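K.L.:
Here is how the chains run, residue by residue.
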Amino acid sequence: MNDARKERLERAQARLIKLAQAWAGKWAFDADEARALRREAILINHSHYLESVPAYGKLAREAGIGEVNDLDPIKKELMSTDDLFKSYQQEWLDRRDFGRMNEWLSTVFHARIRIDVTGVRTIDEWIARLSAGGVIPVYSSGTTGAFSFVPRDQRGWNLFTGAPVCYLTPTLLLEKNIGKWWQRLLFRPAARALGWESFARLVRRMGLPDYDGIFLNFRRGNMGIQLVGQEFARLFPDAAFLYDIDLSASALRLIARGATSDDDRKILADFQAGTIGKKDENYARVIARIKRAAEGGKKVFVFGAPYQVKELAEIVGRTEGRMPLLPDSFILFGGGWKTFEGERIEREALVKLIADTFGIAAEHVVEGYSMTEINCVMVRCEHGRFHVPPVLEPVILDEELRPLEGNDVSGAFGFLDPFAVSYPGFIISGDNVRMIDGECGCGLSGPAFTSIARAPGREVKGCGGIMASVRA
Amino acid sequence: MKKICGELGLFADEGAEVVRVPHLIKGRVVAPPEMAANDVIDAFTSAPAEATYIKAGPALLVREPVIDRKSLHATGRYLYQVFPAVGPDDLIERDLDGLVSGLYALSFAEIEDYLRSLIAGLDSGRETVERIRRISLRVSAFPDAYHDAAFMSFPVLLDPAMGRAMVDNELAAWGLKGSSFLDGWVQVPASIFPGLVALLAGKAPAPAPACLRAMPTRQLHITAGNSPAVPVVSALRAMLTKSAAAIKLPYGATIPGALLALLMAAAAPDHPITKNFSIAYWPGGDEGVEGALLGPGAFDRIVVWGAPEAVASVRQRALFTRAVYFNPRYGVSMIGREAFGEDLDKVAALAAADVMIWNQKACIASQVHYVEGGDEQARRYAEALRGALAGWDERAPQYVDPGARGRLKRMQRGKYINAEWLLNRRGDEFSSGVVLMPGEFDILDHPMCRLVAVRRVGDLREALEFLHHGVSTAGIYPETRRLELRDHVLARGVSNAFPLGQCERLFGGMAHDGMLALSNLVDWKNG
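As you go down the protein sequences, you meet chains A and B in turn. Here this note's numbering is used: the first residue of the first sequence is 1, the next is one more, and so on. Here this note's numbering is used: the first residue of the second sequence is 1001, the next is one more, and so on.
Hints are computed from structural coordinates only; laboratory data are not their basis. Keep in mind that the hints are not guaranteed to be accurate.
Stated by the list, open to error - Straight line, CA to CA, 30 angstroms or less: simulated DSSO-like cross-link-like pairs of lysine-lysine: (1) A:Lys279 - A:Lys266; (2) A:Lys352 - A:Lys26; (3) A:Lys298 - A:Lys278; (4) B:Lys1070 - A:Lys76; (5) B:Lys1275 - B:Lys1003; (6) A:Lys76 - B:Lys1361.
What you are looking at is a predicted structure, and each value in this text was computed from that prediction instead of being measured.
So that you can see chain B by itself, here it is in the shape it has in the complex:
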């Protein structure tokens, strides 16, 4: 990685205002064109204040606000990133026969080897990884601890054993492991009905054996920036399914994504996975790029993570390609009255852990807590939770962006003026808090910045009324109540009903948003 960066002038000076960021285009590291730093900065001078990118001929210029890591405020300066411009033809793979004889013909063991080589590449390139981490931290909206943990977790995400568990379980069929279907044709012990025509003809030919295969696909992944891990997880799924993939990086996680691009090119430049992989950034909704990418025949699968606008926009445009949507969702917590007979602070600490998943930006992070009890008990719980969140403010102080601060003020000065606000402050500014809602709460108002809406219910079952497909996860306390309510919660569209405090759990082969994701990324074939 160091050599590639040195040769192409990528991520050269970690303190610079302008950094050059590469794309991976079908295995090739593509560097941005040379531009003087002043020209990059000047390009934004006449742009509106809210502009995040500018197209500059063969370059795409992106800027992100630099955050002072001590004061946790925007410095007013930007980190400018220069990318090469990308076109749809760079990303679409049309040589299907080449894929059949190359990438699709790999064994899963070769995928495991590939993942091992990436992990080894991380280790040998740790100096570059470290430099990129420090550059990324300058603009990260996540607390330092979260940002750094994301970088440290790369080897965990790329773990071959985890990958095998995902493939063997998510693609399992007929009692057989998924990797066998991914490796090639599997004859299954089916009892074959020859069809009506064969019956009518009176003489059916001897049936050929029934064979199934999980055929890799060409995948476009439009990822979200609510966690720096999302582009990596999405890329990993493409790798595990031996698929030709283009990963669209999200604004806000371009630099960690570019690290993966460099890693693949450095660790296994000639591997068929690398050769059929693209990682690039373009502005979301750019019709010049996406028009062709979302058109018929360009990809076999489109994976969309994220913001409501992104999901809605792709839904409208990708009418002829099978799409897998990871819709915007949110988590809730359900606290049974048993909590008040026990150590309430301990329960609040568990609940806070579910709030703090990716600093409440993840779609599984808890935003609303339904508390079974009286008004006074709900208030006691809210106070305990505020205390637990204050602990997190100490451990991992957060940057609260101006938009979130504005939304908080809107809530306090508008629809929720009559709610009870229990806020933690850093100096005189919001750092986290709990709001005791006297009634209905509109989730679209939630600023997702360590704020929990607590709603009292007389019976936890009353909370079932508020559950729907928009709720991804419910953390339930205590365990007896979870087991009692689990199926009722899940029947309403919720995907996960976990013990309180365990909502971030991961295991290879687990369901994601109501599906086994890998099974939706391959094409199941009969042949």
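Isolated chain A, as found in the complex:
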């Protein structure tokens, strides 16, 4: 990408984050400006992908599409599906052929990857080697153990982790009354005065000192929901993880696909010993932390998949009865409502269980929705809508993958992500949604999802489901 185009893109992205802050804070917000900026950034990305991302170039060549001036051809012909990021051969991973994996990853990345993989024996080592070389693969898995790898460069990574901080902060500080009074007062002037990166840094630096963070996931690992947890954990001076270990991608894959060698069996056994084998011990540890925080006058923030939050509340119920937390403690969950066993968790029942067990208000039980391929987070408001921040161009598609128009449409959720530069960010997910565009009773405007479900015939995906398979 030439410098002028790069500068235009970065300016549009920065301005979009500012607009998203204003939108989330319910200040004056110009939806038309956001739409124009998204369009500009998406068209720049289209040109960039054409030049630099081989898989996108192939798609465009086959569709007979070159440079375009509007989004329609992109929506109709150039949106790939989320499993583009698993278009490699499983046998390469089976054979530990990470050279081939590099070649493949280069087809969905905007530069050729020439990072030396000599001596790399596991997926985890491969991810570490790539990350050290400036290519950061975030992965997610489905029930078949076929991982998606979404490669980001350093700037993409900063956007992935930093941009949501900028517009989630108003939601959490102002809507949920979280943080200290002076943080709430400082927020708006800081948001106006600082660029998004400085603002994100400031938020991380200030953190939430009167909270203890409890994370029902792994302390390290590049899987989608783990990263969200790890990113949130940076806000808390005192954070505890249910699994104080690495989430091993190799072990996760073996859980789904089965171990075939002694090496595999050892990886799997070690992982299971650290998770399933220590389940009671791990839960006892985080429950003790929650108890200590409550007794010490600290508020608590809990983060996890729905199934895990449910499990935590059930264990607390069995071992402690009720465990009232300080007011303004809150629980954030996301990552799918169904476990691998097919058990469906009902939202209302879960919220009631949490509210009863921890004595917190139902509005302090917050649900988020996102995916590995996307650079934003959608939060469910008290009116049951997952609001799409103006940093994203949602596209709803019918069964035949034709884009639908309208203010109330149902179909496959696709999106054009202006922040996806290093990989093709015009993606059709495996989720079906109903999307309503308009004003919401909560004060937010624009598109929002009122229901989210897995599209028929699509593999159960989502980090929540994967966590269920660990069953630790």
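With the hints as your guide, set chain B onto chain A.
P.N.:
This is chain B only, laid out in the frame that chain A set:
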């Protein structure tokens, strides 16, 4: 049939948007309640676009998209079907003693007569059959030729000779024909061990003769719509085993199923089989109906065909009733390297025949072809197969539903972007094709619409790694290789290893999904 339809206003106007469709409830034709056509159509106006049924008090309303038979696209209109609502008590037979003295006491010869009367009824009612066929065709997702062949094949399926072959072979035991065990008690020349207690008592009574019987059962058949023949085949098995049965029609084959209901009521209204037979539609998973049907004691056997969700759902709920599952499966083809020294087009034509079984919707239809050879040979085979499928596109052009088109696009724009796609088109739209897979292929991604995934293997034995219980059938070429590999293929869970091009073969007494189905539908009794 004409008289019944006339009296009850069933299938009255073949061009109408709304048709009235009956149930057969224990031999009685039950017509739906009267409803104005506009009320039926209006009932769907506030329903979600994907809604296929609506409960409307004493009626159940179903809609299926009407397909333009020339353009092979959905017209945007629907054919609305009005059914009577059905409750579980309508379908469960509790008079076991009545069954013993009535239906269960029939001789197999009387079953054969019954089948003859149905065939005769088809002939005498051909005007009605023809009208129902034309109505059914409006919404059939199958090519015209397949749809019409299904209707024409009714007499073949109901053939008494075929029925006898099924019973005599599938229920055969002790070297005796199955029909004798179905007719009543059969004394078998067993050497009887009296039991430990008799030995301990020291004085065993003279043993009574050993007698076996294939006792009919009360059967619930939950059928699938991947072929219009499935409900008929399932019903036939119930008839052949002299069983009291309730057949749940699948969405997508309600009209052919209703034809069978009419035929039974018209051809033999007072026959014990008809009197103990129900054919009905209700939405799959409807707990109000199925809760009781799947509960303990309602039926002796539950037969489930079909979609993974249907099978899984019944498995979870029918814990106390013996169930026979015809799980979702798929077929494969194995092409030995000998094909390249012969007429490759001929081999591809054989392979295409196995692909085209029920337009690739049947669980025996071939979806993946393992080709032994080099990359160039695999490509040559794929091209030849594409040509053979193009021939079928001419002979029997197909309607590709929007979901399948979407799945194809997902494949091409996602996980399989690096595969080589060799597609046939009708205009600018997909009509059939072959995809050369560079590696592992997830069968759950397959759209089942005349698409074949070709995988190259260095040796056909390498393909054994990909065979399992989910594979129903392997068509193998050439015959020498089939005979060499047959047992290795079948040991991995595959049910059929046939010569390439012969995977749709049928004969009375053949195994189905690893079992002799009739033997699982009767209760083998000692008495």
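K.L.:
Take the hints in turn and mark each one as holding or not.
P.N.:
A quick look at each hint next to the structure:
For a cut-off of 30 angstroms, the pair hint linking Lys279 (chain A) to Lys266 (chain A) stands: about 19 angstroms separates their Cα positions. For the hint linking Lys352 (chain A) to Lys26 (chain A), the alpha-carbon distance of about 29 angstroms falls within 30 angstroms, and the restraint holds. Taken as a hint, the Lys298 (chain A) and Lys278 (chain A) pair is honoured in the structure, with Cα atoms around 27 angstroms apart against an allowance of 30 angstroms. A threshold of 30 angstroms between alpha carbons decides the hint, and for Lys1070 (chain B) with Lys76 (chain A) the separation of about 26 angstroms falls inside it, so the pair holds.
A distance of roughly 19 angstroms separates the Cα atoms of Lys1275 (chain B) and Lys1003 (chain B); the hinted pair therefore holds under the 30 angstroms criterion. Proposed proximity of Lys76 (chain A) and Lys1361 (chain B) is supported: the alpha carbons are some 29 angstroms apart, at most 30 angstroms.
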